[in-house]
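Enquirer: Okay, here's what each chain looks like letter by letter:
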Amino acid sequence: MSKHFMLMGVIGITFLITGCSEMGVKAWERDVLAQQEMSLINEPVESSLNDHVYFSKEASSGGQGFGGGGCGCN
Amino acid sequence: MVAKPYFLIAATLCCGLLLSVTASASALISADEAKKAPHASQQLPQYQGKPQSLQDVRGDVLLVDFWASWCGPCRESFPWMTEMQAKYKAQGFKVIAINLDQDKQQALDFLKEYSPGFTVLFDNNATMPDRFGVIGMPTSFLVDRKGRIRAVHTGFHQDQLANYESVITQLLAESEGK
Amino acid sequence: MVVKGLEVAVVAVTKTMKKNHELAKVLAAASCALIGSLSTAHAEESWDVDSAFLLYSESDGRVSAAEPVISATKNYDSETRLNVKLVADTLTGASANGATPSDEAQTFTSPSGNGTYTAAVGDQPLDDTFRDTRVALSSNWNAPINRDWAYGVGGYVSKEHDYQSLGVSSSVSRYLNQKNTTLTLGLGAANDTINPEGGVPTGLFQVPESASSSEFAQRDDSESKSIMDAVFGLTQVVNRNTIMQFNYSINTSSGYLTDPYKILSVIDDDSTGNNYGGNYTVNNRNLYLYEKRPDSRLKQSLYWQTKHQFDNNDILDVSYRYMFDDWGITSHTIDAKYRFRFDHQYLEPQLRWYSQSKADFYHRYLDSSAYTEVDFASADYRLGDLDTYTIGLRYGYQFADETEFYTRFSLYHQESSGDDGYGKLTSQELYPGLDAAMLMIGYKF
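Protein chains in written order, with our numbering: chain A, 1 to 74; chain B, 1 to 178; chain C, 1 to 445.
The shape of chain A in the complex, shown without the other chains (with noise of 0.2 Å):
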């Protein structure tokens, strides 16, 4: 059971890098990227007084992003 979810898992994340090679931008069309607003938690405050609610209302918690994305410049 857990050796199938293992070779899912590789074979799942082999297929998502392949894939994703094939997508994203050049290093100059990063402008909307490089917004702020763009990154994935662009509000951290409101971000974590929201977890900090829940969590103690629901029997979930965490498992949701972290920064990313952004103008990757350099």
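Do not rely on the hints blindly, as some may be mistaken.
Stated by the list, open to error - List time: in silico BS3-like cross-link candidates among lysine-lysine, alpha-carbon distance up to 27 Å:
#1 C:LYS444 / A:LYS26
#2 A:LYS26 / B:LYS89
#3 B:LYS112 / B:LYS36
#4 A:LYS57 / C:LYS225
#5 B:LYS36 / B:LYS89
#6 A:LYS26 / B:LYS35
#7 B:LYS104 / A:LYS26
#8 B:LYS36 / B:LYS87
#9 C:LYS159 / A:LYS57
#10 B:LYS146 / B:LYS104
#11 B:LYS104 / B:LYS35
#12 A:LYS57 / C:LYS74
#13 B:LYS94 / B:LYS50
#14 C:LYS424 / C:LYS85
#15 B:LYS35 / B:LYS94
#16 B:LYS50 / B:LYS104
#17 B:LYS50 / B:LYS146
#18 B:LYS89 / B:LYS50
#19 C:LYS85 / C:LYS337
#20 B:LYS50 / B:LYS36
Calculated from the structure, these hints are not laboratory results.
Take the given structure of chain A and dock chains B and C to it, following the hints.
Expert: Just chains B and C, lined up with the frame of chain A:
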């Protein structure tokens, strides 16, 4: 108490990581292996000046820098590029910054604020960066007096300024001799 | 190599968590190292501060909270930053103790054992001794290693009068495909200590009448739990306007996971008697038991988020999370935000829907004929079947000097469900809903 050695290891690793942002020294590409800068004859509109191509300034050592107004490190590099051009102008060094903003107006607003002490050209349809091989912003190409690319820097890192400058002085020294 | 190093660090940290003093020392050492590396940094840096105040208020005078936050970020360059965040909150009000409402008035022993509180006929039993103040400090450092790799380290500490938490986290990211793809591995470890008022009660033991009972005498002062988590994430730039993230995360908790203040009612299930569905009594006292949860929990979750900017500059942010654990809980969360952007202002409607299925050991009440047979039981509605809805609106105004004022108002609604009991219990409201309003006001400078 048993955990103490682990902690030392952990702390050492953390410190190691913190200090590991080191500069990778880049040397000049030898003249034989260097490739000619592409699009050398392509005329581009100039900020506060006549259209120009890279060929028009042949004979000088050029720092061809691709940048955009939305890019933080590009902004940081402007004062440095101004300083470099002022410092080495007499030895035949010139900075040509090629703007890649898709919206030219944003570049113009930016230039008004950060008045550059060097030549700025506009390539707002991004016709040049692909063949130059730009993979980050900014990317700068150091071009010798014969139009060959002798060094490439991706990004602009404060801790590598000395390195950037030494490559420029090396190339200036070399081409003076020839 | 780096990943291996981080693993070692995390293992080391968890091993030592038993000695909080030592962790505190290490945190202090780490901050010194940070400060050391900061002093050599470049001069163009600036602090960006986001300060906010949240007011949270539940209907019917239940919990209300005030929570100020100040988060300061120092940007050394576009990829290197230090964040320090301080949060305080004060809670007052009453929260459900887990017992069922009844056709008779009920009297409960307060957690300390030094008093009682009552619930009138048909009322939800609420423990009104609930008040707390929490202070939490956290810090994060993120920096590139080279063009292809970046890392982050962080730590936090929080303190309430009956709860302490200490944690560390670390992450490494690998950029691929010209930074269009980012793979991230994050690891975290935390150690929490709880020292409940009145000591740690014995799980599934009858709630005693007062602190003079022998059950109080044998209590421990504190318990602890440790938490480890790992996140594997993939961030992908889809096109010039769209970015997407997938995460898989796994989280294990072990130790004392029970809520020491929650109890369960034992209900008389003798259908031939005249107290069928009423509170079961022993020696003329209603029987209430302290809840007890398993001492380990393994949670896993899958998370997907997409952000897209339209040609008119508006931004849509949608996310979905699926979580499942070995307590039998599964949950779905959908969160959506749409930001209308104007010249110096924005307006952002927000919607969130959350639905969970109950834990295997969740029981709204226990049957008198079977309560001695359960290994674990909790009547905490947060472990039951639950749906919640949030609707919110955020507004922001950006000033010419790049500071921003913002405010957000939202309404939160909970709906619980489950079996309706039998006999007299069927006329009681076993699954009351909950409504809360939240107001946040903030300023970024």
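Enquirer: For LYS36 (chain B) and LYS87 (chain B), compute the direct alpha-carbon distance and say whether it is at most 27 Å.
Expert: Answer holds: LYS36 (chain B) to LYS87 (chain B) is near 26 Å, not above 27 Å.
Enquirer: Straight-line Cα separation of LYS50 (chain B) and LYS36 (chain B) no greater than 27 Å?
Expert: Distance ~24 Å between LYS50 (chain B) and LYS36 (chain B) Cα, so the pair holds.
Enquirer: With a cut-off of 27 Å on the C-alpha distance, tell me whether LYS35 (chain B) and LYS94 (chain B) pass.
Expert: Judged against 27 Å, a Cα distance of about 19 Å means the pair holds.
Enquirer: Has the given pair, LYS26 (chain A) with LYS89 (chain B), been kept, meaning a C-alpha gap of at most 27 Å?
Expert: 33 Å, violated
Enquirer: For the pair supplied as a hint, LYS57 (chain A) and LYS225 (chain C), is the alpha-carbon distance within the 27 Å limit?
Expert: 20 Å, holds
Enquirer: Regarding the pair LYS112 (chain B) and LYS36 (chain B), is the alpha-carbon distance no greater than 27 Å?
Expert: Given pair LYS112 (chain B), LYS36 (chain B) is violated - Cα atoms ~33 Å apart, limit 27 Å.
Enquirer: Run the distance test for LYS159 (chain C) versus LYS57 (chain A): straight-line Cα separation, threshold 27 Å.
Expert: Holds, at about 19 Å.
Enquirer: Does the alpha-carbon distance linking LYS57 (chain A) and LYS74 (chain C) stay inside the 27 Å limit?
Expert: 33 Å, violated
Enquirer: Run the distance test for LYS36 (chain B) versus LYS89 (chain B): straight-line Cα separation, threshold 27 Å.
Expert: 22 Å, holds
Enquirer: Going straight from one Cα to the other, do LYS444 (chain C) and LYS26 (chain A) come out at no more than 27 Å?
Expert: Violated. LYS444 (chain C) to LYS26 (chain A) sits at ~32 Å, over the 27 Å cutoff.
Enquirer: Taking only the CA atoms, is the gap from LYS26 (chain A) to LYS35 (chain B) under or equal to 27 Å?
Expert: 22 Å, holds
Enquirer: For LYS104 (chain B) and LYS26 (chain A), compute the direct alpha-carbon distance and say whether it is at most 27 Å.
Expert: Holds: LYS104 (chain B) and LYS26 (chain A) sit about 18 Å apart, inside 27 Å.
In this structure, the hints that do not hold are numbers 1, 2, 3, 10, 11, 12, 14, in rising order.
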